Amino acid sequence: MTATAVTTAEPQLAWRSMIRDGAVVVGLITAAVFIVAALLVPNFATAANVRALLLSVALTGIAAVGLSLITIIGRIFALSIASMIALSTIVFAHALTWGPWVALLLTMAVGALLGSSQGYVVGFLKADPIITTIAFSAIVLGVGQQWTQGRTIVGQGGTGLLNANVFNVPFQVLVFVAVTVLVWTWHRRGVTGRRITLIGLNERAAVISGVNPAPYVLTSFVVFGALVGLAGALLAAQSGQGNVLLGGTFGFDVIIAVVVGGVAVTGGRGSPLGAAIGGLFVGLLGNVLALVGLAYETQLMVKGALVLVAVVLIGISDRLGSGRK
Amino acid sequence: MTETFLYWHLRTLLAWSLALIAMVFFAATTKGFLSLGNLFALGQAFAVLALVASGLTVVMLMGQFDLSITAVFPLTGLVAVKVSDWQGPVTGILVAMGVGLAIGAVNGLLTAVFRIPSLAVTIGTMVLAIGVGHFITGGELVQAENYQFGLTLTNPVAGILSVQSLIELAVVAAILVMLGATWLGRYVYAIGENAERARASAIPVRPVMVAGFLICGLCAALGGALQGTALATGQAGTNDAFLLQAATAAVLGGIALTGGRGSLVGTIGAALLLAMISNGLSLAGADSAAVQLVNGVILLAVVLMHAPLTKVVSLRPQQWFSRNSKEQNTTRIEDSHVGIS
Numbered sequence: 001m002t003a004t005a006v007t008t009a010e011p012q013l014a015w016r017s018m019i020r021d022g023a024v025v026v027g028l029i030t031a032a033v034f035i036v037a038a039l040l041v042p043n044f045a046t047a048a049n050v051r052a053l054l055l056s057v058a059l060t061g062i063a064a065v066g067l068s069l070i071t072i073i074g075r076i077f078a079l080s081i082a083s084m085i086a087l088s089t090i091v092f093a094h095a096l097t098w099g100p101w102v103a104l105l106l107t108m109a110v111g112a113l114l115g116s117s118q119g120y121v122v123g124f125l126k127a128d129p130i131i132t133t134i135a136f137s138a139i140v141l142g143v144g145q146q147w148t149q150g151r152t153i154v155g156q157g158g159t160g161l162l163n164a165n166v167f168n169v170p171f172q173v174l175v176f177v178a179v180t181v182l183v184w185t186w187h188r189r190g191v192t193g194r195r196i197t198l199i200g201l202n203e204r205a206a207v208i209s210g211v212n213p214a215p216y217v218l219t220s221f222v223v224f225g226a227l228v229g230l231a232g233a234l235l236a237a238q239s240g241q242g243n244v245l246l247g248g249t250f251g252f253d254v255i256i257a258v259v260v261g262g263v264a265v266t267g268g269r270g271s272p273l274g275a276a277i278g279g280l281f282v283g284l285l286g287n288v289l290a291l292v293g294l295a296y297e298t299q300l301m302v303k304g305a306l307v308l309v310a311v312v313l314i315g316i317s318d319r320l321g322s323g324r325k
Numbered sequence: 001m002t003e004t005f006l007y008w009h010l011r012t013l014l015a016w017s018l019a020l021i022a023m024v025f026f027a028a029t030t031k032g033f034l035s036l037g038n039l040f041a042l043g044q045a046f047a048v049l050a051l052v053a054s055g056l057t058v059v060m061l062m063g064q065f066d067l068s069i070t071a072v073f074p075l076t077g078l079v080a081v082k083v084s085d086w087q088g089p090v091t092g093i094l095v096a097m098g099v100g101l102a103i104g105a106v107n108g109l110l111t112a113v114f115r116i117p118s119l120a121v122t123i124g125t126m127v128l129a130i131g132v133g134h135f136i137t138g139g140e141l142v143q144a145e146n147y148q149f150g151l152t153l154t155n156p157v158a159g160i161l162s163v164q165s166l167i168e169l170a171v172v173a174a175i176l177v178m179l180g181a182t183w184l185g186r187y188v189y190a191i192g193e194n195a196e197r198a199r200a201s202a203i204p205v206r207p208v209m210v211a212g213f214l215i216c217g218l219c220a221a222l223g224g225a226l227q228g229t230a231l232a233t234g235q236a237g238t239n240d241a242f243l244l245q246a247a248t249a250a251v252l253g254g255i256a257l258t259g260g261r262g263s264l265v266g267t268i269g270a271a272l273l274l275a276m277i278s279n280g281l282s283l284a285g286a287d288s289a290a291v292q293l294v295n296g297v298i299l300l301a302v303v304l305m306h307a308p309l310t311k312v313v314s315l316r317p318q319q320w321f322s323r324n325s326k327e328q329n330t331t332r333i334e335d336s337h338v339g340i341s
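Line by line, the protein sequences are chains A and B.
Under this note's numbering, the residues of the first sequence are numbered 1 to 325, in order.
Under this note's numbering, the residues of the second sequence are numbered 1 to 341, in order.
Worth flagging that the hints you see were computed from the coordinates, not collected in a lab.
All values derive from a computational prediction rather than experimental measurement.
A hint or two may mislead.
Stated by the list, open to error - In silico contact screen, one side only, chain A against chain B (beta carbon under 8 Å); selected entries:
| no. | residue |
| --- | --- |
| 1 | Ile76 |
| 2 | Ile139 |
| 3 | Gly304 |
| 4 | Leu308 |
Stated by the list, open to error - Anything over 12 Å on all C-beta distances counts as not near chain A; from chain B, calculated:
| no. | residue |
| --- | --- |
| 5 | Lys31 |
| 6 | Ser35 |
| 7 | Asn38 |
| 8 | Leu101 |
| 9 | Thr122 |
| 10 | Asn146 |
To be verified - With a Cα cut of at most 20 Å, we get these calculated EDC-like pairs of lysine to aspartate or glutamate:
| no. | chain 1 | residue 1 | chain 2 | residue 2 |
| --- | --- | --- | --- | --- |
| 11 | B | Lys82 | A | Glu297 |
| 12 | B | Lys82 | B | Glu140 |
| 13 | B | Lys82 | B | Glu145 |
| 14 | A | Lys126 | B | Glu193 |
| 15 | A | Lys126 | A | Glu203 |
| 16 | B | Lys31 | B | Asp287 |
All residues carry an ideal CB built from backbone N, CA and C; glycine is no exception.
Please model the entire structure based on the sequences and the hints provided.
Dropping the structure here:
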């Protein structure tokens, strides 16, 4: 009796959880847009354009994979991304004299350090993540400004593989794919990753079952910081330069990628893979809109509308989901 | 209860004491700080900051946050400039206020009706507002042909005030009255304290929440429009330094991030403090990045001292082992989120 009930319920449940999984939905939409664009938009399905598209997405995607952990653990967003990217480009450009790989590792270490200090304040001191990261954003940008005095730092030395192609694929795209797979597997299979989702879903339940949220918040912020450092280093490698203005609109693009990728701002729902696909989708949309001939200004408006729609849809599906339980 | 009550009053007092100390410090160390011209500049900076921070305070008292003001402020400035060349400056400011109300309405409706976290909603409207700004200007600096009205706005009144700052301070006073002496204000506090309980007490949670976001949007729009008109220029994008200042003013002024606690009087004191610090540091020759660095350090310091202070105040020794303190401990776990109602 019960066995039949379980077997009939299971496929339905799997179907529903697939619909509710933002990564699957965004992935399908992304694939659909890609196919439609390949058929209808001239110059889209060329190797050069696809390579440019992937390259434009890679850095946003790397940072979005990092940010998704903070969102999943229920600490909403970090608003310090743009500043951290800017400082990372400066660190990388300075350290380039010791070779590209040392510079890359050093930049990631600085990023992890910045991430860990924010994670400590948010996790152990239980401070508000938004306010904390706004404060850090100002401090990091201020330090970068004082350090460079507003000048562009030109790196001394070649960037080697960091800005090259491997079998016609940009190395940065390979890094993006590797990072996504690694972090996704770690989040999905690892104990730490599972606990991050548990804390985001129900923090009180996590505490009662003996999981102290603070170290996990710290871990999420450290991974986030290291990945933002990585993105910043790769950005600097593209031009061999570092500058406080290089962060630009990076911070918003990363947050948009996470939101569009189906990671719920309330925590616990979504995955790093979703954030990566979200980044791909936003980049794809920008690319198609540009090829169709829409100005950059219009693209920005479309992005804003997209975020609102994504947020509303996830909010509604969240409410429907919890209402049925 | 009484201890925590006292604590939130102390926060207001703290903000004003710090402002007083900063004033004495700059008056003693920085030449020209007390000159009439500088006090006028200080008044201008203070009024617009107090206005935008007041709007943010209303939203924060409900346990929500509005990130979109960082984009609404520049957007309404350029809308006012753009429209004023075509329909006159007063229409320009009114249209800009309409834009602010519209964005506030979207924020409020999506947050209240769909119960989506306000941070997610306002980050969407923020990107939208940046896009609209770039769309209107084509990414270029907008300049007004007729800057006479802007000069009138900033004409000194009684030495240190101007028409602009008088309008802004009048709105701040109106919000002060609204929060302190009207049902709407009581409702705002009740929703911030506990939205479910407020709903159960038949408080119209959704309309009040929409009203709060409308007020916040209106404050940012009025501030942006007056600033744009006064400077006769506008540029699309975000004003992160301004959001930082407004958020710092509210948090330093003692507005609890979880909502329901704190006083607008504290926010105003903190706005005065921040305006003086920016002004004094600039007078002493620091650049804007250094001022922003100092602002960031202040905000971080407030965030860091908040948790220990609340703990000390809310847990008296005789309560340590009572049921009451346990309750407070568990609720604090929930309180570490902001913006989720």
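Quick rundown of the hints versus the structure:
no., hint, result
1, Ile76, "holds, 5 Å"
2, Ile139, "holds, 4 Å"
3, Gly304, "holds, 3 Å"
4, Leu308, "holds, 4 Å"
5, Lys31, "holds, 24 Å"
6, Ser35, "holds, 28 Å"
7, Asn38, "holds, 24 Å"
8, Leu101, "holds, 17 Å"
9, Thr122, "violated, 10 Å"
10, Asn146, "holds, 26 Å"
11, B/Lys82 to A/Glu297, "holds, 17 Å"
12, B/Lys82 to B/Glu140, "holds, 12 Å"
13, B/Lys82 to B/Glu145, "holds, 10 Å"
14, A/Lys126 to B/Glu193, "holds, 19 Å"
15, A/Lys126 to A/Glu203, "holds, 13 Å"
16, B/Lys31 to B/Asp287, "holds, 17 Å"
Hint compliance for this structure: hint 9 is the single one not met.
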